[in-house]
Amino acid sequence: MKIEILGTGCAKCKKTKEIIEKVLAETGKKAEVVKVENFETILNYGVMITPAVVVNGEVKLAGKVPDEKEVRKWIA
Amino acid sequence: MADIFYPLQLIADKITYGVFGIAPDTNLAASVNFIIYDVMKIFVLLAVMIFAISYIRTYITPEKTRKVLGGKKGLRYHFVASLIGTVSPFCSCSSVPLFIGFVEAGVPLGVTFSFLITSPLVNEAAVAVLWATLGFKATALYVVSGIVLGVLGGYLIGILKLEKYVEEFVYKIKVGQKASEPEKLNVRERVGIAFEGVKEIVEKVWIYVIIGVSIGGLFHGYAPEGILERYAGEDNLLAVPIAVLVGVPLYSNVMGMIPIIESLIGKGLPIGTSLAFLMSVTAVSLPEMIILKKVLKKELIAIFVSIVAVSIIFTGYLFNLLL
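Just so you know, the sequences run in chain order A and B.
Under this note's numbering, the residue at position 21 of the first sequence is numbered 21, and the numbers go up by one with no gaps.
One rule links them: number in this note's numbering = place in the second sequence (from 1) + 1000.
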């Protein structure tokens, strides 16, 4: 599984990464977590408000920090 | 307008004189009373305001905005862009993707700027704190000037035909379609999002509010009456430009700044000068310019900052004259 976090390095993006990594550690699921800071890639996904989370190429959320419940659903 | 907050004043009085047992008519009592009353009022208004705007916001997405404004010219659309800016969340980290998204959808540069100017200037948290401290009238003035500034500033940028100062790569980026369109939200989900919004913003700003109110409270209680009237009163014509020039590069949490300004107004700082300062702090900041530098050439950034700064200075003079 590939999880991409789209955002240009603001506090919310870091928080998003922390939450995703925490849930991954708790559930023991394996995933490649990448931070994407390139505007072109971000916009190619159709995302205009960051942070956004992309799981296996599908935009799951944009514009807010996910909660743990949401992350669990995505990686299940 | 102050009447609906009367119970809060009663509580503040009770805590100051009753619980803390501070003698009335002392500097300490004035400071403590100011701090307690302001903190309560600010948090009540913050919660109500953020909730309302976050709810409205669930209906406004960047995708819809792009569709509404794409290829539209004319003052009317500057006004629409500016209005959308007032309810849009603004985190400077999203300004570049939003900018590219608008340009790609064919939103004219000037209309995009109307949005970019008003969006940080008029945000629900600043409006709530302003309302709690400076009252409804000053807040309404602030909001209206924020919108007018966005409309006129963007219009001017449109007339000047500055498209060549946008970095070329911006025009080449293609905005993708989100693989799955978000499902329609029901009222309960919207309320949930609005509550989240309140939590998120209050968590972020409460400390600045407390610090700002405390500094303001000390100043309110201990600074001599009319001290600022003497040095920065309306007859000092340099006060407005100086306030704006200081405010422009400043990147500070405006939520903490407002209660300090409130206490300065209490000591004679004119309202126009105060609002001009606050507008210049929120409208443009150094970090935001550094982010925008990735998509705009320095000429355009310089024009943008100059237009905004000059307009804010005029706004400040105008309010000092009218109020």
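Hints were generated in silico from the structure; no laboratory data involved.
Glycine included, every Cβ here is placed at the ideal spot set by N, Cα and C.
Warning: the hint list may mix true and false statements.
What the hints assert, rightly or not - Between beta-carbon pairs, the in silico distance windows are: (1) B:V1246 / A:V34: 37 to 43 Å; (2) A:E26 / B:E1203: 39 to 45 Å; (3) B:L1238 / A:K73: 56 to 62 Å; (4) A:G28 / B:K1137: 18 to 24 Å; (5) A:K22 / B:R1188: 24 to 30 Å; (6) A:G28 / B:V1191: 19 to 25 Å; (7) A:V34 / B:G1233: 53 to 59 Å; (8) B:L1238 / A:V34: 32 to 38 Å; (9) B:P1249 / A:K22: 36 to 42 Å.
We went through each hint and held it up to the structure:
1. B:V1246 / A:V34: 37 to 43 Å: The hinted range 37 to 43 Å holds for V1246 of chain B and V34 of chain A, with Cβ atoms some 41 Å apart.
2. A:E26 / B:E1203: 39 to 45 Å: violated, 23 Å
3. B:L1238 / A:K73: 56 to 62 Å: Cβ of L1238 of chain B to Cβ of K73 of chain A: about 59 Å, so the range 56 to 62 Å holds.
4. A:G28 / B:K1137: 18 to 24 Å: This hint is violated: roughly 59 Å between Cβ atoms.
5. A:K22 / B:R1188: 24 to 30 Å: holds, 27 Å
6. A:G28 / B:V1191: 19 to 25 Å: Between G28 of chain A and V1191 of chain B, where Cβ atoms are some 35 Å apart, the hint is violated.
7. A:V34 / B:G1233: 53 to 59 Å: Holds, since V34 of chain A and G1233 of chain B (Cβ atoms, about 57 Å apart) stay within the stated range.
8. B:L1238 / A:V34: 32 to 38 Å: violated, 52 Å
9. B:P1249 / A:K22: 36 to 42 Å: Cβ of P1249 of chain B to Cβ of K22 of chain A: about 37 Å, so the range 36 to 42 Å holds.
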